[in-house]
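**Student:** Chain P is already provided as a structure; the job is to place chain B on it using the hints.
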Amino acid sequence: MTTKTIERVDQIPTERTPATRLRSRHLLGIAGLDADEITLILDTTVAMKEIGGRAIKKVPTLRGRTVVNLFFEPSTRTRTSFEIAEKRLSADTLSIATATSSVTKGETLIDTVQNIEAMSPDMIVMRHASSGAPELLARVCQSTIINAGDGMHEHPTQALLDAFTIREHKGRLAGLKVAIVGDLMHSRVLRSNVLLLKTMGADVWACGPATLMPKGIERFGARPTTSIDEAVEGADVVMLLRIQHERMHGHFIPSVREYFTLFGMTEERVRRAKSDVIVMHPGPMNRGVEIDSEVADGPYSVILEQVSNGVAVRMAVLYLLAGREEESLSA
Amino acid sequence: MKLLLKNGRVVDPANGRDGEFDVLVEDGIVARIDKNLPAEGAEVFEVQPGWLVVPGLIDAHVHLREPGQEHKETVATGVRSAVAGGFTAVACMPNTDPVNDHAGITQFILKKAAEAKLSRVYPIGAVSLGSKGDQLAELGEQKAAGCIAFTDDGRPVATALLMRRALEYAGMLGVPIIDHCEDPSLKGDGVAHEGYHASALGLRGIPGMAESLMVERDVSLAELTNGHVHIAHMSARQSLRAVRAGKERGVQVTCEVAPHHFTLTDEALEAPIKYDTNLKMNPPLREAADRDAMIDGIADGSVDLIATDHAPHHADEKVLEFDRAPFGIVGLETAVPLVCDKLLHTGKITVKRMIELLTVNPARIFKLQGGSLSVGAPADITILAPDLQTTVKTAALLSKSKNSPFDGWELRGGVAATIIDGRVVYTNPVFAGQSR
Chain P
1 MTTKTIERVD QIPTERTPAT RLRSRHLLGI AGLDADEITL ILDTTVAMKE IGGRAIKKVP
61 TLRGRTVVNL FFEPSTRTRT SFEIAEKRLS ADTLSIATAT SSVTKGETLI DTVQNIEAMS
121 PDMIVMRHAS SGAPELLARV CQSTIINAGD GMHEHPTQAL LDAFTIREHK GRLAGLKVAI
181 VGDLMHSRVL RSNVLLLKTM GADVWACGPA TLMPKGIERF GARPTTSIDE AVEGADVVML
241 LRIQHERMHG HFIPSVREYF TLFGMTEERV RRAKSDVIVM HPGPMNRGVE IDSEVADGPY
301 SVILEQVSNG VAVRMAVLYL LAGREEESLS A
Chain B
1 MKLLLKNGRV VDPANGRDGE FDVLVEDGIV ARIDKNLPAE GAEVFEVQPG WLVVPGLIDA
61 HVHLREPGQE HKETVATGVR SAVAGGFTAV ACMPNTDPVN DHAGITQFIL KKAAEAKLSR
121 VYPIGAVSLG SKGDQLAELG EQKAAGCIAF TDDGRPVATA LLMRRALEYA GMLGVPIIDH
181 CEDPSLKGDG VAHEGYHASA LGLRGIPGMA ESLMVERDVS LAELTNGHVH IAHMSARQSL
241 RAVRAGKERG VQVTCEVAPH HFTLTDEALE APIKYDTNLK MNPPLREAAD RDAMIDGIAD
301 GSVDLIATDH APHHADEKVL EFDRAPFGIV GLETAVPLVC DKLLHTGKIT VKRMIELLTV
361 NPARIFKLQG GSLSVGAPAD ITILAPDLQT TVKTAALLSK SKNSPFDGWE LRGGVAATII
421 DGRVVYTNPV FAGQSR
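Quick mapping for you: the protein sequence lines, in order, are chains P and B. To convert, note that position 236 of the first sequence is 236 in the numbering used here; the numbers rise steadily by one, no gaps. To convert, note that position 359 of the second sequence is 359 in the numbering used here; the numbers rise steadily by one, no gaps.
Same shape as in the complex, but just chain B:
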């Protein structure tokens, strides 16, 4: 079986390629990349002018909710949402019910992913049993079962001692520890960024330093142990400062930023919908200086990757008083439009940098296949339409949950098609019947 992607601009930073090429896929493998490849015997996908043919996008931070919270999302609905967002691979967090602290749960998730046959799914295991912070989980067995990293996400790795041991032990296994950084005592029962808007709305605040304090701990412990710490969903400018300082002195620290943190600020809590629970996430939307710092870090390379922190919640759980609603928003299907609109078209980043953030770097940091379009590699390819006018309609999202603050947003940028193992698993309905 052959598939020919005709006339696209192929952007493959890992192989130093950026130009007009055809891509021939044979039996799920990238067979040739060259100009004017013969269409003979191949199904032809006409790549439109302005579209980008890039290595399949990888989202290193999603919550698929299965097992245990299938009313929010399942592996099957999560990967359906992923391919619609252009992601050929996702790494899923262990804060399921039960927590993924055991190889049996990892195997269960992988079985569900194999049945769904859409995005690749890379489970991330818990650092501690039940993510309770007491006892180290069996990281070795978990890695053997398929875990690519470890975290107690949803909460920080509880103590400096546990973090130290986890970094040492995971370092032995060659995988990073991902940390959800917040000092629990400073966070308290906060629900919004500490500042004028939280004060005006009477919401309990979480200062940016609640995050950066933990980032600083983690950078120090990574330095102590020579382990690799990856900072999840970074939001505060002080955290970025700590990451930069760590990188400057050679500490193995990497970090990610979620699209909502380079797009929105806490001002959005006041209007157009006051107390919109779809603006409640953890870490919270911060102030303009933080949002701008995240963009600077993304532009200058201090931020390694963009990850969505896709956090589905059932509508019933979000239609509550603000302080009672759960934290988090879905993100898989809005990531590409937001990256294109807020970063690429504003001139903050180049196309090459965008591809690094969305696939090259996640593949490198978590040692995943993909992140490149190498001849002989599985054909995981995303075709982006960076100029596509997209109107976000949350009701039409393929995720089981619709908890997004971007309903009705007009954004420039979208996904044309998603290809996994040479199979076109998603074509944007606006192009259906037009490009094939």
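The shape of chain P in the complex, shown without the other chains:
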């Protein structure tokens, strides 16, 4: 056994310029980031993506750091993505899912996390069904908190990986017309994406049934519309959001069949967008509900690229939050 000498993230010197360092030691949402910080993460992602292309996909950047993935909600993609990112950075990592945690025994979130903290992790990546749960943790925890999706609030790494993917294809974010279509009300992906894209100067349209339109969405900076044609017309990016089948229970939509008729992304509808449009989906997809298979598997679909880029973006976030010097990356 080695003596524990892990330096705390919050004790790392902060005398660096904003362009090379994140101001907060947590990533709770896009809401706390400015354009420089977003650019920093996206630029760092480029280097991280290169690592993923090597034969030996591992750097020692986070060696000796412990990262706990705390998933209170089912997730395959995001949890796997974080785990791979952590392992590629050589962090010691473990994942806890609700089914195996104490939460089911009636323990509170704070008690659960404080017990984990007693074992001195450096970072906690959390997915939780309650909006604001990461803020609650950040107030009481010593560890760096990374929000892997909280309720209907934010999913910052998803928005970052979406932005990275868009930037790879378009070379920029400013001035692009991005149409986000689907269950706007219940989507944390929507909120994080609108915040990020507006900060970076994109023209964001939010399209979905009136029943799923969040109140005050125009104050987020998105242009609301219930017309799929208007949303997609001339778009550089079409981003689809998942329609959950249980939405029929709250009388939000009559049927997934009708949803597809009115809002489903078909080849015909995609043709209204720019010829070089890219089509995105944060997954998991409901083929034949929000997206036609022809589109999902079509030439403009970047859905699997998003997943690949997710690993690199999460590596960048972990790296920047750990505050390591650039040189350790090139070791």
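What the hints contain is simulated information worked out from the structure, not anything from laboratory work. Just so it is clear, the structure is predicted and the values come from calculations on it, not from any experiment. One or more hints might be untrue.
[Unchecked claim] Lysine to aspartate or glutamate pairs mimicking DMTMM-like chemistry, simulated, CA-CA at most 20 Å apart:
id : chain 1 : residue 1 : chain 2 : residue 2
1  : P       : K215      : B       : D189
2  : B       : K318      : P       : D111
3  : P       : K215      : B       : E46
4  : B       : K2        : B       : E70
5  : B       : K6        : B       : D27
6  : B       : K274      : P       : D34
7  : P       : K215      : B       : E267
8  : B       : K318      : P       : E107
9  : P       : K215      : B       : E270
**Tutor:** Quick look at chain B alone, frame taken from chain P:
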């Protein structure tokens, strides 16, 4: 035993009195109110310049949590908090465990109140057994045991039919039905006011119309039955519109507003503490237009009284994810500072109107003793210090629970002393040893 309140500005709207008077209390009864009364044989309470001697304040809507939830509050700790807030009487809601739907529980609460010997406690009984909305509780026996009104508070009176019958039956007994107005299907699993801030925070919304829809039902049923409905903790501007319309056509409808609803808006959910569960209450903090409407209604008389909806919760229950934390905040000890600071000193209401809202009207509407300083009546008196600079310290609250969003707030206004049956039961510690 005599107590002389010397040199105060006595404000007693019910008797048309507002001026500098001495008040002599003998054996717990108001004996004389006049200028320059002799201090002979009496303990003298020197009322300081600027203070107000007013009829004991009455809070028509508190949760004392006993029986069943004594970890949040008990009758004894609740009335301790009440007197510290200047309230000589409180009316307690029936959503205890078990629900107060039976005379035995009313008697139990009254026994606890008699033991505590602080504020008077007026139990409010459940409209339906278990507040489940199925079967009318024994309102007649409950009234005989001491209930002053009936409600299924915590939830609305479930159906129009039950509300109709309750209004008819309570009308026969001469007491009002208090309703917690919300349409359950529109409220859904909402936790915050439906609007931009709830959307931005990813919280499920409750529209103001969820409240006003039920207010409109109740006003219509009060009209149908000629009964008296009192709207609890009104928060939405559309509800105020419905109440005003009802009053204009002569319906017996009255209403109350809680201090947090004329002070805060849903914007507070975003800062300074994001997702502060001490800002989670039902009805939720609404938008500025609603808050301003509540103030207008308070100023113009459409709102009959201010009641705190004092809802203690244990700290453990509030340190949770926002959507899992219970609704409600404590209010007894912050009510007077908020009323003075946000309504009186802003010029929205006069001193007279303030006293009407805090004691005259609750006494009249619920047919309680008090609300006036009449010679021969029990000496329940509150001495207010409207210019006192108060810093709210939730840790120092006398309530068993500290779930208040006003920690650290600097407010102008406070309570100097509380007198019940001629006994000084509370003196503000900042004046201790100075005024007596």
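**Student:** Each hint: holds or not?
**Tutor:** Outcome of the hint check:
no., hint, result
1, P/K215 x B/D189, "holds (16 Å)"
2, B/K318 x P/D111, "holds (13 Å)"
3, P/K215 x B/E46, "violated (55 Å)"
4, B/K2 x B/E70, "violated (37 Å)"
5, B/K6 x B/D27, "holds (17 Å)"
6, B/K274 x P/D34, "holds (19 Å)"
7, P/K215 x B/E267, "holds (14 Å)"
8, B/K318 x P/E107, "holds (14 Å)"
9, P/K215 x B/E270, "holds (16 Å)"
Checked against the numbered hints above, the structure violates hints 3 and 4; every other hint is satisfied.
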